[in-house]
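**Q** Can you make the complete structure from the sequences, with help from the hints?
For reference, each letter of the sequence shown is one residue, going 2 to 680 in this note's numbering.
It cannot be assumed that every hint is accurate.
[Unchecked claim] Simulated crosslink set (DSSO-like; lysine-lysine; CA at most 30 Å straight-line): (1) Lys47 with Lys448; (2) Lys305 with Lys259; (3) Lys129 with Lys491; (4) Lys624 with Lys526; (5) Lys266 with Lys144; (6) Lys450 with Lys382.
[Stated by the list, open to error] Have a look at the derived ranges for each label pair, beta carbon to beta carbon: (7) Cys493 with Pro302: 51 to 61 Å; (8) Leu679 with Glu543: 37 to 47 Å; (9) Pro302 with Asp451: 39 to 49 Å; (10) Ala145 with Lys627: 14 to 24 Å; (11) Asp570 with Tyr288: 48 to 58 Å; (12) Ile206 with Ser664: 18 to 28 Å; (13) Asp416 with Asp516: 53 to 63 Å; (14) Asp257 with Ser407: 48 to 58 Å.
Hints were generated in silico from the structure; no laboratory data involved. Ideal Cβ positions, reconstructed from N, Cα and C, are used throughout, including at glycine.
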Amino acid sequence: MEILAPVGDRSMLDAALAGGCDAVYLALKHFGARAYAKNFTLEEVKDIIQRCHLIGVDVHVTMNTILYEEEVEAAYAQAKALYEMGVDALIVQDLGLIHLLHHRLPELTIHASTQMSIHTPAQIEQLKKLGVKRVVLARECTKAEIEACQQSGVEIEVFVHGALCISVSGQCYFSSFCYGRSGNRGICAQPCRMAYTLYKDGQPISFNQEYLLSPKDVSVIDQIGQLSVDSLKIEGRMKSPVYVYEACRQVKMVRDGKKRTEKDKERLKLAFNRGYTLGHMFDQRGYNLMHMDSPNHQGIPIGKVIGIHGKRVKIQLDRSIDQNDGIRFGQAYGCRVNYLFDEKGRLQKHIDGHHRCEVEVKSKIQKGSIVYKTISYALEKEVEKASKETIRKVKVSCFVHCDGPSTPLVCTMSDGIHTVTCVSEQLASVAQKHALNQDTIAKQMYKTKDSWVEITAFACTLVGDIFFPMGVINALRRTTIEALEKERTKICCQPEKPYAFQPKVTSDHRIYVQDLPDSMADLTKNVTNSYGIAACLEMGFEKVALSIEMTPDQIQKTVLAFGARYHVDAPVVVYIYGKIRYMIMKHCPINTVCLDGKRQDCHLCHRHHFELEGKDGCRLLMKGNKDCYMQLFDETPRNWLAMIPAFQALNINDFYVHFVDESPTKKEEIIALIHSVLR
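**A** Quick look at the structure:
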């Protein structure tokens, strides 16, 4: 199983390679779902691909945002440039981009992003029609669902460590509609990490935890032996090099049959943790899934505040502390320990556990506060050293021979896939005193300490008493390694193919109320461009429900582009009335706060009126669906009924209406209004 590491900058790349990853995933400045990571330029990615391929590490690039009509060609151009640089795979969410790449660059390997919300073999069968080679399963998948998907004939990738989105992957519109920052565009404002109050029948429920939507971090590292997937993915392109190094190192340790120690686990907690859960993969619910006290990195507890003297806080330590460590007092104030004092007021660099220390703070601290270490300076330095000094090696065999005086020295190296042979420029002379022997040749050939090569098998045959200067032997070693390097980093790509897809379109029209039929299955959910419409038609769908994130102007651009390219009307369905569903999740705040969090035979959300209120005063309606997934809805419905004539002018005649808690009278009124507007 491949270990796939997150890389947000160069230091994280160094840490991932030192930690033992098999592949990395990263993004460029555009079209990646972590827009606030540092990310890379095309030239930087080219260098990274060369560096990684040399040591046998794959490079995957995330282009996993939805694309609007005017962005598709630019995204395609970026994908084409990456293909020509030798990228191993693109991780893509947008169906339109997948469709375009499938037709124009069919040899480019495409992985379906977790944002596509894939959790069934049937969905995978649809994606296979678009040439998808790997699926990153939704983080809501259970172990049984993962096992079912493993029979699909494509590679399966799952998250084994890192942050857990509480909403079903790719189906969260909370940030988009409330904060103008779409999670499907890589700029999520993370409303799930904010504080909320739960209301029941108009009254607030008294509860001492505020972060009702904030899950723990998923970590199934110790359960890796129960999985048989193709790729073990670590989340965290916005985390630290320490986090990446420790996560890679420990996933590798367990994958290779070793057990983690408590010290290992503590190091990973120090790197970053919100508490750990086995997640939906192992059916964790309620308090086993959520960390509702705080959305922050928890670190590890190291002591307690026993006194305050001016700007200094006195701490009784349970564990050691170092100068430059990061600490936090309770859930409120955190700082770096710039100056560390012992109990006698003397400056120290290190103080052991079970002693007392003092640190300076710039905020009011409560006596009795638990002190957490959130950054280990010693661990930072250790990882920094390992990242600089670790040289990943490739095992090669080496064979050297010479057929006698006046013939060259010949060196052949092989990594098992690529084989190169180089000859010395200088020919062998007759030995005057000491003839060259195999041991001398071997000693020079094994001088690969600072290179990526590790010779694990060596053979040598020499005919007659010959002599070569040591410089000739060393030069031949370097030349042969360089030749093998060129072979390992050689880029092979096929020419671009012309795009010639022509969709088949049906012409019947209707209003869809409540549920969309199978002809518009889940994969239509985030279609935002004309190529995405074509992708759905290629997969066998008859109609395409456009994304609720699209504005009327974007809808117009999309259908006009579709008509101009394919010379038929776009078979799209537009959401014209209903309360927008901001989020759908397996977690139920209602059941967790009011009962036990197990989500069994509850029905509370159908017997009472529940709302979730943020600190901004905005309230969301809460309703569970038939599968006991909790949904959050805007309390004010979208009403685009007056825009029906404008849509019809674009030859859009299919509309979708969704009722949440409207009365029968209100439903009849809305349907009647729609029919009165339709021409």
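**Q** Output the indices of the hints that this structure fails to meet, ascending.
**A** 2 and 8
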